[in-house]
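> Given the sequences, and given the hints that come with them, work out the whole structure.
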Amino acid sequence: MINFRTAEELLELCSEHSTTISDIMKRRECDLTEKTEEEITARMMKSLQIMKDSVRDAIDVPQKSMGGLIGGESKKLHDHYHAGKSIAGDLVSHAIAYSMGVLEVNASMGLIVAAPTAGSSGVIPGVILALQKEYDLKDEELVDALFNASAIGYLAMNNATVAGAVGGCQAEIGVAAAMAASAAVELMGGTPKQCTEAASTVLMNMLGLVCDPVGGLVEYPCQNRNASGAANAIIAAEMSLAGISQLIPLDEMMDIMYTVGRKLPPELRETALGGCATAPSACARCKILHN
Amino acid sequence: MANISAFEVLGPNMIGPSSSHTAGACSVAFLAQKMIKHPITEVKFTLYGSFAHTYAGHGTDRALLGGIQGFDTDDKRIRDSFKIADENGLKYTFVPDDTVEDIYPNTVDIEMKNAEGKTVTVRGESIGGGKVKIVKINGVDVEFTGEYSALIVTQQDVRGVVAHITAVLSHLGVNIAFMRLFREDKGQIAYTIVETDGRLPASVVEFILDNPNVKDAMIVQ
Chain A
1 MINFRTAEEL LELCSEHSTT ISDIMKRREC DLTEKTEEEI TARMMKSLQI
51 MKDSVRDAID VPQKSMGGLI GGESKKLHDH YHAGKSIAGD LVSHAIAYSM
101 GVLEVNASMG LIVAAPTAGS SGVIPGVILA LQKEYDLKDE ELVDALFNAS
151 AIGYLAMNNA TVAGAVGGCQ AEIGVAAAMA ASAAVELMGG TPKQCTEAAS
201 TVLMNMLGLV CDPVGGLVEY PCQNRNASGA ANAIIAAEMS LAGISQLIPL
251 DEMMDIMYTV GRKLPPELRE TALGGCATAP SACARCKILH N
Chain B
292 MANISAFEVL GPNMIGPSSS HTAGACSVAF LAQKMIKHPI TEVKFTLYGS
342 FAHTYAGHGT DRALLGGIQG FDTDDKRIRD SFKIADENGL KYTFVPDDTV
392 EDIYPNTVDI EMKNAEGKTV TVRGESIGGG KVKIVKINGV DVEFTGEYSA
442 LIVTQQDVRG VVAHITAVLS HLGVNIAFMR LFREDKGQIA YTIVETDGRL
492 PASVVEFILD NPNVKDAMIV Q
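One line per chain: the protein sequences are A and B, in this order. Counting from 1, one number per residue, gives the positions in the first sequence under this note's numbering. Counting from 292, one number per residue, gives the positions in the second sequence under this note's numbering.
Mixed in with the good hints, there may be bad ones.
Claimed, not checked - Simulated crosslink set (PhoX-like; lysine-lysine; CA at most 25 Å straight-line):
hint : chain 1 : residue 1 : chain 2 : residue 2
1    : A       : 64        : B       : 325
2    : A       : 35        : A       : 46
3    : A       : 46        : B       : 367
What the hints contain is simulated information worked out from the structure, not anything from laboratory work.
Next up, the structure:
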C-alpha cells in the first residue's frame, strides 16, 4: 500500500507520482481502509458539512459555553466586519470569526469535528471556509484540502503528539494551524514542498505555546488561540506561496516541537495549574461561576 | 501508529467540549447500556478523579446520561439528555467521589436498574481522544474497548463452558480476534469476553444460552 512516515517520504511520493499531498493521502486512505475514493470523499464531505454548520450556528445562534467563560465572540466579529469597521481585511477577519465560532459551538455542547482535537477544532474550518468565501472555491476542493491537512496531522500524531497534556498548546493548536497552512497552500495552487514548508513555518512561529485552560475547561484562552492559529496559518501560507523557503524542514520542526513540548513543566500542560489558568482575575471569574 | 486513518486525524465527529470528558464519557455509558435488558429505569453515576472535579463544565453528566439513552457521541440530543430522561421517566443521580485516589483519572461507575428489577454495574475509563475501556462488570475486573464486536458471557466457573462458547462461534462461522476469561473466585461467577472481527449474528446469544452453566450472554457492537 501507499504509505509514508515522514514529510520527506510524503514529498518523494508526490514527486514520484507527480501529484498533490491530498491525492497521496486519499490513495493511502483507500488502501488502509479498503474503501473506494467515492466512499472516503463522501465521508469527508460530511465532515466539511459539520464544519460549515458549526461556523454558521455560532453567528446565527450564539450560545453561552458550559463553563460560562465564552459565548458570542464570533457574532461580534461578524457584526464588526459588516459594520465596515474590520481592520484585518476580508480573509483574516472571516478566518478568526469562524474559528472562534467553532470553539463556541464546541464549548456549548454542539457538534464539531475534532481537528485534530476538540480544543483546536476551529482553526482548520476557519481557514478553509474563509478561503472558500474569498475565492469562490468548490466544496470538492475543500474536501481535498481536508485530506491534505490530515496528512500533516497524521505526521504529527505519528512522529510527535497532538495532545496538550503531552506537548502543550503548540501540539494542539500549533499542529492544527500547521495542517491549515498546508491545506491553504494546496488550495491556492502551491506545490507539495510549499505545503510542508508552510506547516513548518507555523510550528516555528507557535513553538513553546503552553496549554493553560482556565478552570480546566476547553474555553479560555483556547478560543482566542484558535483565532491566533488561523491567522498564523494564513501568514505562513502567504510566505510560502511568495517563495520564501525555510531553513528547517517539517520533519525536523516536528521533532523540535515534540522535544520542547516534553520539556514544558506539567503545570503548563493542560493541568490548569499554571499560565493563564492561575491568573487571579480568571480564577475569580471561575469562583463566581462555581457559586 | 503508521496506520492512523485520515478520519482519526480529522475526527471524531463529536458533541463538545472535550474528547475525553464528553465524547469518552458518552461512549462508556453507551457501552454500559448494552449490557442490561431495556428499559432501564434507574441509573447512578459515581464519578472519580478529574471526572469528579470538572464534570459539569465539560458536560460529562449530560454525555453520560445521553450515552445511557443510546445516544452516540455525535448525537445533538446529548445537550438535552436530562430533559429527555425526565420525559421518559428515567431516574438518574450523579455522585462525585474525590476521595478515591488510586484510580484512573477519568473513571465512572454506572449502576443501572431495569424494569425487571435487575441491576448491572459497569466501570469505564475514558483514556483520551474519545477512546474508552470497560474495566469492571458487577465488580469483576474485565477489559474491553468496544472497538470490536464483543460477546460477553456470564457463566458459572466450571469446566466445559469455554469449550461450549468456542463451539458455538465455530458453528456460526465467527472468527475470534481476542478471547479472555475473567473471574473473581474459583467456581463462582466468571465472564468470558470474546472480541470478533466481523459483526456477531444475533442468533449467537440463543445458542450460547443453551447451556445450564451460562447465566447470561450479551452482544455489544
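> Between residue 64(A) and residue 325(B), does the CA-CA distance stay at or below 25 Å?
Status violated; Cα separation ~33 Å.
> Below or equal to 25 Å on CA atoms is what counts here, so check residue 35(A) against residue 46(A).
Holds, because 16 Å separates the two Cα atoms, which is no more than 25 Å.
> Taking only the CA atoms, is the gap from residue 46(A) to residue 367(B) under or equal to 25 Å?
holds, 15 Å
Consistency with the previously given hints fails for number 1 only.
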